[in-house]
Amino acid sequence: MLKAITVWGRQTPIAPVLIGLYVAAALARAAPVIRLDYAPWWDGVGYGYADLWTGEALRLAGGDFAALSFYSEGLLFVPAQAILFRLLGVASGMHAWAVFLVLVSAAIVPIAAHTVYLITRQLIGALAAGVLTIFDPVSAWFGSNGWSDAQTFLSVAGTCWVFVLCARKPTIPRLLLLGAVLATLALGHTTWLYPATIWALITPVLLASRKKWFPGAQDFPDSGIRRGWLRRATAPLGFFAVGALITISLISVGGAIGAGAETDGPFNVDRNNQRVLVVTYDKSIEWDEWTPSDTVRVILTIFPSRIPDLVPSFIHGHIANAVHFYRWVLLATLLATFVVIAGRRQNPWPSRWGLLGLLIPGYFLLLEPRIEVPTVALTYLTIGVVWMYIPVARVLMVLFGPILGILILYLPLTTQARHSNAIVFLLILLASIAIGMAVGQVKRWYQDVDSRRFMAGQRMLISAGLIVLVGVGSVSTANAIGERLAEGRYLEWLGEQMGEDALLITVADVDPWQVLAVTGRPVIYDVENGARLAIEPGGPERGDDMLAEFRAYDDEEAVFLALEQRGFRLWFYSPWRGAERQWFDPAFTGSRARERIELTKVADYPEQIGRAALMVSR
Amino acid sequence: MRFLTRYRPRPFGGSSVVALGLALGAVLASAVLFWFVSWNAPMYAAAPEPIFSIGPLAPGGSVEQEFEVAGSYLTGVDFFARTEAEQSLPANFIARLYEGEVIVRQDELETRIGPDVESVRWNFDAVADPVGRRFRLQVVVGEGMTRPVFLMASLTDMLPGSAVTNGIPTGAHIDLAGLPWREIRRLDTLLATAASLPGGIAGLAVLMLAVGGGLGYVMSAVARSSGSLETAAWMVLGLSVAGLVLIVELHRSGELSLPERHFRLWPGFFRTMGLLAGTALAAVIARPVGRLIDNISNSPGGRTKDWRERSLSSLVIVAVLVTLFAGVAYTLDGPELVFVKVPIFESEHVSQGDVGLLEHGPARAAAKVATVVWLVVGSGALLYQISTRRRRMT
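Keeping their order, the protein sequence lines are chains A and B.
Position 89, counted from 1, in the first sequence is what this note's numbering calls 89; the numbers after and before it change by one each time, with no gaps.
Position 390, counted from 1, in the second sequence is what this note's numbering calls 390; the numbers after and before it change by one each time, with no gaps.
Hint data in this document are derived by calculation from the structure and do not stem from the laboratory.
Heads up, the beta-carbon is just placed ideally off N, CA and C, and yes, glycines get one too.
A portion of the hints provided could be inaccurate.
Chain A stretches covered by chain B per the calculated footprint, using a threshold of three residues with CB under 8 angstroms from any CB of chain B [claimed, not checked]:
(1) 12-18
(2) 317-327
(3) 330-341
(4) 377-387
With the hints as constraints, model all of the structure from the sequences given.
Take a look at the structure:
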């Protein structure tokens, strides 16, 4: 058995690395969800936007196909959630959804690693991509906190992977798959419609020259019209076919594409986003005066003059602050690129296409000469150097160009870390490709000297890295499970303390269905962010309407008074974070003025010193 | 041209003796330094503000306050007292440390207090593992006191619960101004450090093996060691250097509160190890760069034969070196203001990995110079390509 595994590992050395990375990623992604730092029902901050998709999934699970909507950015995300609700019910469905999101989010890690491996054929490059992706904080967070961006992350990673597969060998199935994955990118999130379309359209052009920029391009009969351009056009054709198929299916079942799509065309489904864009950039235009041509005019005339302000803000506020050890990642990328340059001993200067990369740092020097922040300057320099010497990196940058453009365009409005994560992903790919190529170059230098020792060192480094990653992930997951078990014991004890007339109010970072199941008392969940759910024994798992009337109340005190008048004694539950809560900020009414409500200890919990059963003081 | 073909296999005894000798030196230095390692610091980063008085307390009067700590080895507590007397007088207190209703430590303290606020330190045998436990400090005014005593309170509400005076709780925001203290030496500092890592001692061992072993491996590449024994000798050196660096950091952290928990000890450790490993890596990478220079200047049969190609190649080397300088200066400079913070749920913030040895100036200036040199390279390459094409056409 061991021998078979060893032989298999030698034959396909990337497979164990990918498996190790996936296990490590799944463990690392699972820990915060188990600990309930965030989960599909709690986004970790309190924006509450995930409830939109959950609500649509509940409607869809109930047979209401009008819940399918393109412009609410859950067209592909909501059906998957709805299937689980339909099969397992709300509580179990939500728990299964949490597991599903963790597993899907973790899949991005081996996809990124394999993308880099396909380009460089180097395990260390793949490992670098895996490590950087595992510790990508935004991908981990929005990959499993119930936001539909989880699907976008997967589509971005999947698109890069399939594109690289096509660059390696553009078979018809691969090109069709690329079209389909691009369609998921376009339909999953309105922001990505335009970049995905441009990606699909320029794919044939890029694939036509793949042997010039892709190091591992395999021979394939791609000359002549039938085998060449027609074949390469499969990707955009597949993209439009899948997009049209999904759109027609959506309309036929009663789903929504977007307000305005009928009059302004399918590329104006985000007309309100365009309106706000135009009125922000051009103060002379009123909200109702907007026409689609205004968007084009603003982008071509006003937006360019804002770029010198927007790009540094984007780098500083969306990229450098979202990558662990960003400075070292840039330095490693530079060092790796210089090793690649050293490998081109005869002509170490950049090629004609490479020279275009000088525009990036040149732009910085000419248009942003007063930049005081080294992060921005070094980012330009690094990206410029990578462009100059790594052709495949150039192609990726071109493909991500429209994404970068739209993110910068919307930077003053709606661009958030969950959107700009696509550029973080690009940066991870570029750094890992440079590292992989540098390792390949060093390997060539070592080939006639002591290749066996080099390989042994490489294997040792990769094994140690994977062991550490899996170990760290296991420890954090085990700790998280321990914390949840301890919370379960506390809830059992709390259930014994409460009378039959108890109503349990909780904070956000709990599992409301677990609280209900263990304590057997009605639960009002997430009282500090709008009291988003009320569930009771024997009642519907999706919650009942008992909270609806309180939204119209003037103050929070009145809500508590009303609950007490109905005969409830109000208890409070919050997970143990080292000290017991003494008060909380309820937000039943949606009123801006928060009123702090004091809590009273009524019994000491014997298992955790300082912890107690808490009741609302009134 | 192969870059790494000039080495000769050496028997064990050459570079490995040097490595083992250096390792022995590092171990001896570590042992000497370790003997003097001592941590004597409060366990809270912020001291209380003892500006309000609880009292007057007569003999037998008491004040209690709950508290928790986030690091191992609780060895004492500071509290603050004064009296109405005009001069300092001998004072005695009975101090008790409770966990729940169990008395964990108890002592009678003899000290002097006067009209000004004085801190009173109660040292006791270490509570080795106080994390996750809630303690209650009770200070009772001794029977021998002739003048009323005031114990000082803080309104910053840093501690759980409130101060309890003679069994009666005060307002929720009023705490007895107390400061848990830790005074430990040698092995205890190491154990406290290990306790902050996942896996404790095993985690520390794995970390040291990984970091030290990695450094040793890179050093063996610099020394072009041959064979596993020589590599092992260099890895032993790497491990001893890692140990020495850790002990130096333990030494430097003596007056910091919980250096092992609050990212105070580890950045220093990783900074030094990173610089050492980075220098070694640079030495490894310098070899092919050196060969590249060598190749450009001595290439009778190569393609780089005319002055334009040689000049262009030299310019590329200058651009690479200046860019590298900019990159290193950027990692070595200090933190930047971060306006948009990405919430990270486990480690609280995203660290950009800034070392903090330099100001922003060198990185910024070097980036600009590098850009100019690259633009010169680009212009030269463009002119060269145009002229080459023209020559081919004619």
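TODO: Give me the numbers of the hints this structure contradicts, sorted from smallest to largest.
DONE: Those not satisfied come down to hint 1.
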